[in-house]
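**Student:** Residues in the sequence shown are numbered from 1 upward in steps of one, following UniProt numbering.
No wet-lab data here; the hints were simulated from the structure. Just so you know, not all the hints are guaranteed correct.
Result set (EDC-like, lysine to aspartate or glutamate): computed pairs, CA atoms no more than 16 Å apart in a straight line [said to hold, decoys possible]:
hint, residue 1, residue 2
1, K91, E60
2, K91, D54
3, K80, D54
4, K91, D10
5, K91, E107
6, K91, D52
7, K91, D18
8, K80, E24
9, K91, E78
10, K91, D65
11, K80, E28
12, K80, D29
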Amino acid sequence: MVYRFRVILDAEEDVFRDIELLQESTLEDFHNSIINAFGFDGTEMASFYISDEDWNQGQEISQFDVSDGEESVMLMNETKLDSVVSEDQTKLIYVYDFLNMWTFLIELGEIAEIEEGRDYPNLMFVHGQIPLEAPDKEFVAEKDEFGDNFDEDFDLDDYDDLPFDENWN
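Start from the sequences, fold in the hints, and give me the full structure.
**Tutor:** Here it is as structure tokens:
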């Protein structure tokens, strides 16, 4: 089977690519298809995140194991598309370059039959030009994310009233 995806840059301008991959492809194959389709050089780290219908970021599928070995990590090269995407679970989030945060919303559009004579992965459609810089992101904490202990009147830019111990080390 062939999975047909729309990969959309999370930006105000419409920039997307439609990509086909075989169901047994890994997320590393998908990662390579995305960086090629959008013209990245592939030198930056990336991760996929399983997403719900409202595009809330779920479990991470990482390019590299950067954990200290205490917890299990899903890796792109070990994770097949059909293990994380289905007709019921159609959305992923992809982040490339964690300093610039190129963020893409990915949706499975169709599961189709393999077409004879076609090479996969296949870049089916290109729309829009990727900007020179990653679109700005506004990171907003959900209400009460910091619990009741967060002081809303605390000013991070006001250093004069903070206690300072010059012999701290």
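**Student:** Check the structure against each numbered hint from earlier and tell me which ones fail, lowest number first.
**Tutor:** Hints 3, 9, 10 are the ones this structure does not satisfy, whereas the remaining hints hold.
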